[in-house]
Structure formats: C-alpha cells, structure tokens
Amino acid sequence: MMPDDDNLIVLDTEDLPEVDTPEKIIIELDDLDDDEIFPGMPSDSAGFSPTVKAGGNPIIRSNILQNIIAGAIGGLLAWLVTEMLFEDNGTAQSLEQIIIEMALFGGVIGGLMGSALGAAEGVITRVAPVALRGGAITLGVGFLGGMVGGGIGQILYSAMGGGTFAISMGMQVLARTLAWGLVGLFIGLGQGISFRSSKKIINGLIGGMIGGLVGGLLFDLIGSVTMGGGTSRFIAITLMGAAVGAAIGMVDEIRKEAWLKVIAGPMAGKEYILFNEVTRVGSSPKCDIVIYRDPEVAPFQAIIEGKQGRYRIVNNSVDYPVFVNDRPVSASALANGQSIRMGSTVFLFQLKESNRTFDFDT
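According to the numbering used here, the residues represented by the sequence shown are 1 to 362, in order.
Since the hints were made in silico from the structure, they are not lab data. Predicted model only: the values in this text are computed from it and were never measured. Any given hint could be a false lead.
As the list claims (entries may be wrong) - Label pairs and their in silico Cβ distance ranges: (1) 230 to 319: 53 to 59 Å; (2) 198 to 231: 23 to 29 Å; (3) 321 to 126: 21 to 27 Å.
What the hints assert, rightly or not - Cut-off 25 Å, straight-line C-alpha distance, at most; resulting in silico cross-link-like pairs (DSS-like, lysine-lysine): (4) 352 to 199; (5) 261 to 307; (6) 307 to 352; (7) 256 to 286; (8) 307 to 286; (9) 199 to 261; (10) 286 to 199; (11) 199 to 256; (12) 261 to 286; (13) 199 to 307; (14) 352 to 256; (15) 261 to 352; (16) 256 to 307.
We put the beta carbon where it would ideally sit given N, CA and C, even for glycine.
Please build the complete structure, drawing on both the sequences and the hints.
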C-alpha cells in the first residue's frame, strides 16, 4: 500500500547543515624521495650509510695493535724460555757448535713469536680451534725458520768478525740486524701459511723481515745502554716481537684491497681483510671469517668472491638468509659502503678507493 501524500516528509537541501569538504592529499613522485616518509629505508647502495658502532676494546678495532701486543707477548715468552735453556756466555767451543746453538736459539724465538702472532686472531675472536690451529702452524714454521735464520745469521756474523775484538760496533750491529731479519722473515712466512693465502705470505715475508731488521738493529744498541745481560735481551727480544707484529700489521694495512668491518654484533669494531679470491664466512671454525656460536648462521653460510677488484657475495645456505643493505640475496655484487648481515652480525663492506668503480656482473 502506497503512503498518502499528506504523510510524506520533503527535505530541501538548503535545510541540511553545511559539511566541510576534506582537502585532497596529492602525493607527487618527488615526495617519495623524502626520507621522512620512509625513514631508514635505503634507496640504493650508494646512498646507504649505516651507523658504525665502535667496539669497546681497542685491540679488536686495530689489527696493528693486536699484532704488536701478540708479538710482544711472544717475545716475552721467548726471552723466558731462552734464559732457562741457554747460558749467558754459551757452552759451545767450536764454530759448528756455536752455529747449532744459535740455530736453536733462533728457533725458540721464531717459534714462540710466530705462535703468539698466529694464535692472536683466534684469541681475539674467542674461537679456540682457530687459535690452536694458527698457533700450531706458526709455531712449527717459526721454529724451523728461526733455526735457519739463526744458523745463517751466525755464519754471517762470524764471517764479518762477530765475537772478536776486531769487529767494529757498526759491523756487529749490521751482522746482528741481518741475522734477525732472516728470523723475522720466517716468522712472517708462518703467518701467511696459517691464513692459507699467497697474498698474506707476501705480506708476512715483507713485514717479518722489516720487523726483524728493526729488532736486530736495536739489539746491540739496547745492550750498550743496559750493559748487556738478561735485561738487554729481555728488552731487545720483546721489542723485536712487537716490531715484527707491527710491521706485518702495517704491510697488511697498506696492501689491503677489500675488507669487512663488523658494525654490529659481538665483535663490533673488528676488521677482516679479504686476502683470498674466495673467502668463506660461517659459524664453522674452518671458515676464513668465523661467526661463532650464532644459531642463525650456517657452518658455511656464504662465500665472498673477489677478482680484479670486483667482489660479490653468494649465499650457500637454504635455511638462513644473507642480507645486503637489508635485502635478502642469493647472490649479489658488492659495492663500497654496503652492509652485509648474517645472523646477529652486520658487516660493512669496504674497498680501497682505486677499486670502487668496478661492479661484478650479476
């Protein structure tokens, strides 16, 4: 049944209250570039700039300081052992006996200095298997090399008149410097072998020889000031260990081309130089860079490949992701300044300036 016209209610639009029409929000493309709209979202690799958190321990932050301290500790241990094993004036009577004695003397010093330097990386990162492996390899190479260096050094020392009144102070310092330079060279060789890197071997040879030469140069000079004996050997051998460690660390620093700096995680501040063309990263102690005891990192999580100044990262794990600039990747070219996250550890990838224009073909 239709309602009567008398019951109809008629509303005029003029009788309705006025309602404000809301303004339209217009977003243009240029507005999307504003960092305030999406704070923290990196637009590309070039603009990504993570905050670097410095580690609390300065030893972690500086590989050179780490080497200096490790070398000095190795020198101190070498001094303690040699003082117990070798008499002040020696017991050898013939030149052959002197050479053998000095070869053993050099072997002990080379072995203990090398072992301390080789174990340092594992000690600092608290990865016992790495410390034991590095310490054992460098102990053996350092001992054998120290014997060679000590024996050859004594032959040179004797040939130049060492141990006689005929030799001048300058010639004695030169002979001793050459002898310890050889010992340092083999200590450095052991560092390269423990890293399984030809580039590190070259760095170790250069740095080890430089450090050994410096230590040998100081040996007699310190002896002349301290009147010789155990005190002079303590200062000289400890300083030589520190010099060898410092020189190896400085050569590494000068010749590095690419490296990872930990910017978040237990080892914040630690720097890992990429010595090899293929660098393995994971929780296994067999990796080149060990992220230890992180349940979100696979034993062999990723590899970083480098050739001719170009680098890329490949994720080896199907269970755990690798993030580059907070984006999960299976494989990705790496550019200077990008972040790499595995588990709770975040690295900052850095390149020497001369290599920054290259990109890996993806």
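Hints and how they fare:
Taking 53 to 59 Å as the suggested C-beta distance range, the pair residue 230 and residue 319 conforms, at roughly 58 Å. Judged by the Cβ atoms, the range 23 to 29 Å given for residue 198 and residue 231 is violated: they are separated by roughly 41 Å. At roughly 25 Å, the beta carbons of residue 321 and residue 126 sit within the given window of 21 to 27 Å. Of the pairs offered as hints, the one joining residue 352 and residue 199 holds, with about 16 Å between alpha carbons and a cut-off of 25 Å not exceeded.
Of the pairs offered as hints, the one joining residue 261 and residue 307 holds, with about 20 Å between alpha carbons and a cut-off of 25 Å not exceeded. A threshold of 25 Å between alpha carbons decides the hint, and for residue 307 with residue 352 the separation of about 14 Å falls inside it, so the pair holds. Restraint check: the Cα-Cα separation between residue 256 and residue 286 comes to about 22 Å, which is no more than 25 Å; the hinted pair holds. Note on residue 307 and residue 286: the hinted pairing holds, with a Cα-Cα distance of about 22 Å set against a maximum of 25 Å.
Between residue 199 and residue 261, the direct Cα distance comes to roughly 19 Å. Compliance with the 25 Å bound is thereby established for this hinted pair. Simply put, residue 286 and residue 199 have alpha-carbon atoms about 19 Å apart, close enough for the 25 Å limit, and the pair holds. Simply put, residue 199 and residue 256 have alpha-carbon atoms about 9 Å apart, close enough for the 25 Å limit, and the pair holds. Proposed proximity of residue 261 and residue 286 is supported: the alpha carbons are some 20 Å apart, at most 25 Å.
Distance hint between residue 199 and residue 307 is fulfilled; the C-alpha atoms sit about 13 Å from each other, no more than 25 Å. For a cut-off of 25 Å, the pair hint linking residue 352 to residue 256 stands: about 7 Å separates their Cα positions. Of the pairs offered as hints, the one joining residue 261 and residue 352 holds, with about 13 Å between alpha carbons and a cut-off of 25 Å not exceeded. At roughly 14 Å between alpha-carbon atoms, residue 256 and residue 307 fall within 25 Å of each other, so this suggested pair holds.
Hint 2 from the earlier list is the only one contradicted by this structure; the remaining hints agree with it.
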